[in-house]
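Chains as they are written, first to last, in my numbering: chain A, 4 to 468; chain B, 4 to 468; chain C, 4 to 468.
Simulated from the structure, these hints should not be mistaken for laboratory data.
Check each hint, because a few of them may be wrong.
Across the chosen pairs, the derived CB separations fall in these ranges [to be verified]:
1) A:Gln68 to C:Leu120: 45 to 51 angstroms
2) B:Gly443 to C:Pro122: 22 to 28 angstroms
3) B:Gln203 to A:Glu207: 26 to 32 angstroms
4) A:Leu432 to B:Leu210: 16 to 22 angstroms
5) A:Gly119 to C:Val438: 23 to 29 angstroms
6) B:Arg446 to A:Val428: 57 to 63 angstroms
7) C:Lys381 to B:Gln203: 40 to 46 angstroms
8) B:Ile360 to C:Gln238: 48 to 54 angstroms
9) B:Arg209 to C:Thr336: 57 to 63 angstroms
10) B:Ser406 to A:Gly217: 56 to 62 angstroms
11) C:Arg446 to A:Asp289: 17 to 23 angstroms
12) C:Trp290 to A:Glu207: 38 to 44 angstroms
13) B:Arg286 to C:Pro122: 35 to 41 angstroms
In this text, all values refer to a predicted model and were calculated from it rather than measured experimentally.
Ideal placement from N, C-alpha and C gives every residue a C-beta, glycine not left out.
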Amino acid sequence: MSAEVKPDAGMSLCPLGTETPPERELVCIFGTGDLGRSLGQRLLQTGYRVVYGSRRPHSCGPLPQGAQVMSHTEAAQLAAVVIVCVHREHYDFMEATAPQLKGKVLVDVSNNSKKGLYPESNAEYLQSLVPAASVVKAFNTVSAWSFQNGLSDAHRQVYLCGDSVEAKQAVRELATRLGLSVLDRGSLSAAGEVEDFPLQLFPEWRLPLCLATGLTAFFFFYLVIRDVIYAYVVQDKDISFRIMVSLANKVFPIVSLIMLSLCYLPGVMAAFLQLYRGTKYRRFPDWLDRWMLCRKQLGLLALAFAFLHVLYTLLIPIRYAIKENRTTVLDTTTAWRTDSYYSMGILGFALYVLLGITSLPSVSNALSWREFSFVQSKLGHLTLLFCTLHTYLYGWNKFMRPSTYKWWTPPGYMLCLVVPSVVLVLKLLIVLPCVDRSLGRIRQGWERTGPEGEGTKPLMGGAQM
Amino acid sequence: MSAEVKPDAGMSLCPLGTETPPERELVCIFGTGDLGRSLGQRLLQTGYRVVYGSRRPHSCGPLPQGAQVMSHTEAAQLAAVVIVCVHREHYDFMEATAPQLKGKVLVDVSNNSKKGLYPESNAEYLQSLVPAASVVKAFNTVSAWSFQNGLSDAHRQVYLCGDSVEAKQAVRELATRLGLSVLDRGSLSAAGEVEDFPLQLFPEWRLPLCLATGLTAFFFFYLVIRDVIYAYVVQDKDISFRIMVSLANKVFPIVSLIMLSLCYLPGVMAAFLQLYRGTKYRRFPDWLDRWMLCRKQLGLLALAFAFLHVLYTLLIPIRYAIKENRTTVLDTTTAWRTDSYYSMGILGFALYVLLGITSLPSVSNALSWREFSFVQSKLGHLTLLFCTLHTYLYGWNKFMRPSTYKWWTPPGYMLCLVVPSVVLVLKLLIVLPCVDRSLGRIRQGWERTGPEGEGTKPLMGGAQM
Amino acid sequence: MSAEVKPDAGMSLCPLGTETPPERELVCIFGTGDLGRSLGQRLLQTGYRVVYGSRRPHSCGPLPQGAQVMSHTEAAQLAAVVIVCVHREHYDFMEATAPQLKGKVLVDVSNNSKKGLYPESNAEYLQSLVPAASVVKAFNTVSAWSFQNGLSDAHRQVYLCGDSVEAKQAVRELATRLGLSVLDRGSLSAAGEVEDFPLQLFPEWRLPLCLATGLTAFFFFYLVIRDVIYAYVVQDKDISFRIMVSLANKVFPIVSLIMLSLCYLPGVMAAFLQLYRGTKYRRFPDWLDRWMLCRKQLGLLALAFAFLHVLYTLLIPIRYAIKENRTTVLDTTTAWRTDSYYSMGILGFALYVLLGITSLPSVSNALSWREFSFVQSKLGHLTLLFCTLHTYLYGWNKFMRPSTYKWWTPPGYMLCLVVPSVVLVLKLLIVLPCVDRSLGRIRQGWERTGPEGEGTKPLMGGAQM
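Work out the full structure, taking the sequences as your base and the hints as a guide.
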């Protein structure tokens with residue numbers, strides 16, 4: 004290696020206060036904990052100079068090489084941007100530093116351990132303590148661990164909010180240079196929302212999961228009564244052991260099919276609502292909006308249940324090999340029926356899996372809107388059709404047989420056919436040429452009773468059904 | 004919360020024309036439809052001021068809080084950047100506004116409902132209407148829905164094109180601040196291409212899908228003749244019901260194996276072409292280039308067919324339990340053969356799935372070139388080897404038996420062994436040390452008959468076979 | 004199309020030296036190979052002007068339209084940024100060009116074909132040849148192929164390092180405008196590391212793969228001795244053919260369960276270490292750190308083995324249909340046992356798959372820290388519990404039976420139960436309320452013997468167990 008190689012500029016400890024090249028900005032970090040140290044290390048690596056503010060500058064443990072430590076007030080005076088890596092509970096010391104922080108950009112990175120602990124967000128609280136500074140909420144979605152490990156496949160999304168546009172711009176530049184992807188969430192009043200991001204636990208999955216649990220519980224008890232208790236009462240047989248596998252393998256496909264049809268029902272309903280109203284510019288009712296937003300989760304849960312159904316079904320021949328020699332003479336009709344039944348099931352499941360794969364963020368991001376809506380709408384309805392036919396073929400000629408209706412109740416698979424059949428019939432109506440044409444016009448902005456003078460028709464925004 | 008918290012700058016309604024802080028740029032949007040409103044909302048949230056231009060400024064429905072509405076000409080005069088959220092059919096009003104748009108950046112966000120509707124792209128048409136403005140095509144891949152829902156896991160990729168570098172730079176900055184990822188596609192003449200992006204429907208899947216359909220159809224009819232019709236004619240048995248499952252389960256693995264080998268054939272052919280030519284600097288023939296570009300799709304379709312084959316196979320014992328008591332005395336050879344046959348199949352399928360997972364965009368992006376090519380080339384050929392052996396073991400001693408060749412035709416699995424065997428033999432030749440060495444030299448830029456004076460050898464660009 | 008459409012500025016061949024619009028920067032590329040040409044094409048498309056430096060400017064083959072070619076020295080003088088697309092072996096000509104390169108930004112994009120070929124990195128070698136220039140290492144992770152194909156779903160991550168902050172800033176801007184995502188890796192001394200990125204071959208998979216291979220080999224030989232050799236020696240039966248499927252299907256689940264428990268063992272150990280030490284601020288021993296970093300890989304390999312186990316198991320009834328008529332009279336207890344056994348297996352596998360899906364980069368990036376740790380910790384331990392119960396139910400009453408212990412060795416599944424049982428018991432201890440509370444305090448920064456005066460408690464950095 005040649006002697007001319009310059010010293011490692013990013014790591015050198017330049018004496019502060021003397022002439023340093025103007026391009027190497029100084030950033031101040033309050034707090035020398037995990038996050039403070041990792042963030043400082045990353046800043047140094049990217050070419051910033053870093054100074055730490057600490058209550059006990061002489062005993063704050065190991066810090067990244069190249070950084071300086073001093074008291075909070077000293078450190079605050081040196082930099083234009085101060086990142087506060089301190090728990091909210093200890094923000095009280097900030098009031099004492101307020102004079103030195105006047106006009107500075109204060110970055111609040113804190114998170115709480117629970118939602119709703121405090122009346123206002125941490126960032127707003129900080130702003131109230133140091134009113135003369137411009138507080139920006141940022142970085143709270145990135146962990147110390149991510150900063151240390153190079154961010155290469157970790158969480159890079161940073162949400163920014165604050166009242167000062169200049170302050171936000173400064174933090175945005177800093178974040179971009181650190182290799183993060185920045186999204187502006189507006190004014191500081193949005194800080195509460197941003198602080199809730201790392202705390203949320205699958206909010207969009209809650210409703211679909213409740214629905215799945217409810218349906219599973221209902222059909223489980225329904226089938227326990229119809230199968231196990233009926234056999235015990237009427238035939239005096241104990242088949243309670245069938246609960247574990249046989250019953251589960253009835254409940255899972257039933258719930259799966261209902262969930263899948265519930266995933267496509269709101270789209271059909273929205274279409275009919277638009278047809279009825281004759282415009283697309285009136286908002287859908289709130290419950291329909293919320294329903295449409297959780298279609299993806301409904302579909303993925305339906306896939307999970309279908310997956311369990313497949314595994315349970317394939318296990319049947321392994322279980323207890325009580326296969327008495329059914330050398331049944333196969334008539335061709337039965338053979339065709341059973342084979343169609345199995346084929347529909349397999350093809351339906353394969354399409355299901357395809358839909359699931361297209362729902363993966365990286366795959367759906369690689370699709371154009373038209374491709375995505377083709378897969379989710381065309382192939383989705385085809386999946387529903389296959390799975391519904393699979394269930395109808397399962398029933399076959401049992402629909403008419405009185406012995407099917409034990410205790411005058413229909414079997415589970417008949418109950419579960421109601422919703423998908425409705426969805427498929429409605430969808431069939433929609434794709435009729437005449438209905439399709441007027442729906443298409445409405446979705447392109449045409450209004451049945453709209454004002455006539457409007458020439459500047461708005462653009463369709465990739466409406467996906 | 005302290006009283007000093009500044010008012011929400013991003014949402015306040017500043018009176019236009021009075022002194023506003025210089026940093027809050029004003030953006031003008033023509034059109035108050037879905038996209039116009041969503042884009043405006045997002046701009047306001049990010050800290051821009053927004054003014055709408057509308058034909059009927061007093062009756063254009065609800066707009067984002069903080070935005071103003073005025074006539075097109077008034078609005079155009081206020082801002083340097085004008086985003087045109089209007090359908091192309093209504094562009095004619097732009098000519099009237101042309102004087103006010105002189106020197107402005109005009110952003111065309113429009114899409115058409117079909118390809119090839121107009122002779123020139125929408126953006127070029129807009130440029131022709133307002134020649135004194137700098138038209139930039141952008142944002143057409145982002146939907147109103149994405150803008151509203153925070154873009155967090157939606158389509159963020161924006162393609163930019165335009166003739167003015169400054170105008171493009173202005174739009175690039177705007178897009179970046181909105182949290183979008185920008186890719187420059189060159190001059191305005193590329194607008195037609197950019198406008199086709201949201202309309203394309205799996206263009207790269209078309210060829211592989213046609214091939215898969217063709218192969219499936221061919222082998223289906225071939226096997227219908229050999230199995231069903233042969234049985235009907237020669238043995239007078241109706242086994243037409245076997246079409247649904249048994250025949251499908253013969254066609255799927257055959258097509259899968261052929262598609263998989265077609266996925267690796269072009270790489271081998273390219274290598275031999277390079278060896279024959281003695282250089283890597285001559286372009287491959289067009290058909291080979293196109294073939295190589297759809298290898299990923301060929302492989303994924305092959306995986307889909309293999310998946311169906313596995314499902315159909317695992318279903319066999321559940322179907323009609325006509326298992327007569329074959330208490331066959333197993334000789335060890337047969338046991339070894341069948342078990343090897345199944346093992347090869349399972350291992351081949353597991354590797355298949357691994358290849359499929361590595362093809363997911365997020366996974367392949369996390370791999371280095373060397374890792375990617377290791378998986379796709381080494382493991383890929385291993386998969387092909389396992390699946391081919393699986394098929395050979397299936398045939399076993401039937402290759403020599405005359406009864407196999409009904410009507411003098413070979414069974415389907417023998418036909419499908421041709422391509423993979425050729426690929427494997429050719430690949431074997433390539434990995435021979437002597438061939439491998441000279442191929443390696445060629446791929447590093449060495450030329451057999453190249454000029455001798457060239458010292459500045461070019462870099463190899465991660466050629467992946 | 005209107006006549007006023009401006010000529011395609013990005014592609015026009017402007018005469019160099021005359022007045023060109025100031026905004027169109029000129030970039031010089033040394034070397035006209037694959038990468039040089041692709042990079043040049045991309046630069047031209049993005050609006051840069053490009054000039055090539057070549058040893059033989061008059062016979063360097065086809066170059067992108069709009070670019071100029073001249074000698075190295077001439078080309079170097081024109082641009083502020085020079086990208087060196089030449090193999091390291093040919094760097095010697097750079098010394099001759101050194102005077103013209105004074106003060107320029109030199110971008111080294113080269114890679115080596117192997118690790119450790121040279122004592123210093125290519126970029127440091129280049130810097131030693133041209134000490135008066137500012138060398139920046141960049142673009143070496145992007146291939147010519149990616150540049151040509153629009154980068155839309157290819158590798159976009161660029162690592163940057165260099166000693167001059169201004170030079171890095173210039174290259175960063177260039178890379179950003181090319182649509183790449185930039186990560187600063189510090190000073191030029193990090194170039195060696197950056198150059199190793201494209202050469203690495205699954206470094207983080209090496210340890211888990213070795214472990215998996217070792218465990219597989221051990222249990223394979225253990226079971227061959229206990230099953231095959233025992234049967235041969237004691238019962239004089241040749242059951243060697245069982246190696247292919249039956250034995251494999253014993254080894255795979257054993258290895259899978261051990262790997263899964265090894266994936267959760269370090270987290271439990273770390274918790275106990277923190278409890279013992281009473282602080283989270285002391286570093287874990289190195290082996291524990293390394294172990295924790297490969298948990299993801301351990302888990303994914305465990306999933307792969309579980310997948311093979313499922314496939315092999317589902318194949319059982321298809322294999323040789325030697326199912327003699329076991330019309331066993333099922334007692335309810337046995338039925339409950341076997342069904343629980345299968346249910347646990349299926350549910351465990353389904354959760355396994357769920358864990359695998361959440362490990363996909365695009366899925367885990369879409370999760371918040373709390374969601375990710377919920378899935379990986381809560382659901383992960385549930386998976387381990389299900390799979391362990393599945394194995395216990397498999398053993399059932401064989402634990403007490405002397406005939407189980409052939410040659411006084413326990414069967415494989417008993418051996419493999421040791422580690423998961425230990426992990427589950429330790430985890431159970433940790434979630435006891437009293438232990439959980441003190442662990443929670445420690446993880447929030449509390450120290451048992453810590454100094455009392457420290458008010459500024461550091462932030463917890465999203466510690467995930």
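Right, here's what the structure says about each hint:
The supplied range of 45 to 51 angstroms is broken by Gln68 of chain A and Leu120 of chain C, whose beta-carbon atoms lie about 30 angstroms from each other. For the pair Gly443 of chain B and Pro122 of chain C, the beta carbons lie near 24 angstroms from each other, so the given range of 22 to 28 angstroms is met. Checked against the hint of 26 to 32 angstroms, the pair Gln203 of chain B and Glu207 of chain A passes, with Cβ atoms roughly 29 angstroms apart. Restraint check, Leu432 of chain A to Leu210 of chain B: a C-beta distance of roughly 36 angstroms breaks the suggested window 16 to 22 angstroms.
Take Gly119 of chain A and Val438 of chain C: their Cβ atoms lie about 27 angstroms apart, and the range 23 to 29 angstroms holds. At roughly 60 angstroms, the beta-carbon separation of Arg446 of chain B and Val428 of chain A lies within the given 57 to 63 angstroms, and the hint holds. The hinted window of 40 to 46 angstroms between Lys381 of chain C and Gln203 of chain B holds, with their beta carbons roughly 42 angstroms apart. In this structure the supplied range 48 to 54 angstroms is violated for Ile360 of chain B paired with Gln238 of chain C, their Cβ-Cβ distance being about 43 angstroms.
Separation of Arg209 of chain B from Thr336 of chain C is about 59 angstroms and conforms to the stated range, judged on CB atoms against 57 to 63 angstroms. At roughly 59 angstroms, the beta carbons of Ser406 of chain B and Gly217 of chain A sit within the given window of 56 to 62 angstroms. Checked against the hint of 17 to 23 angstroms, the pair Arg446 of chain C and Asp289 of chain A fails, with Cβ atoms roughly 40 angstroms apart. For the hinted restraint 38 to 44 angstroms between Trp290 of chain C and Glu207 of chain A, the CB-CB distance of approximately 40 angstroms keeps it satisfied.
Distance hint for Arg286 of chain B and Pro122 of chain C: a CB-CB separation of about 38 angstroms, consistent with the stated range 35 to 41 angstroms.
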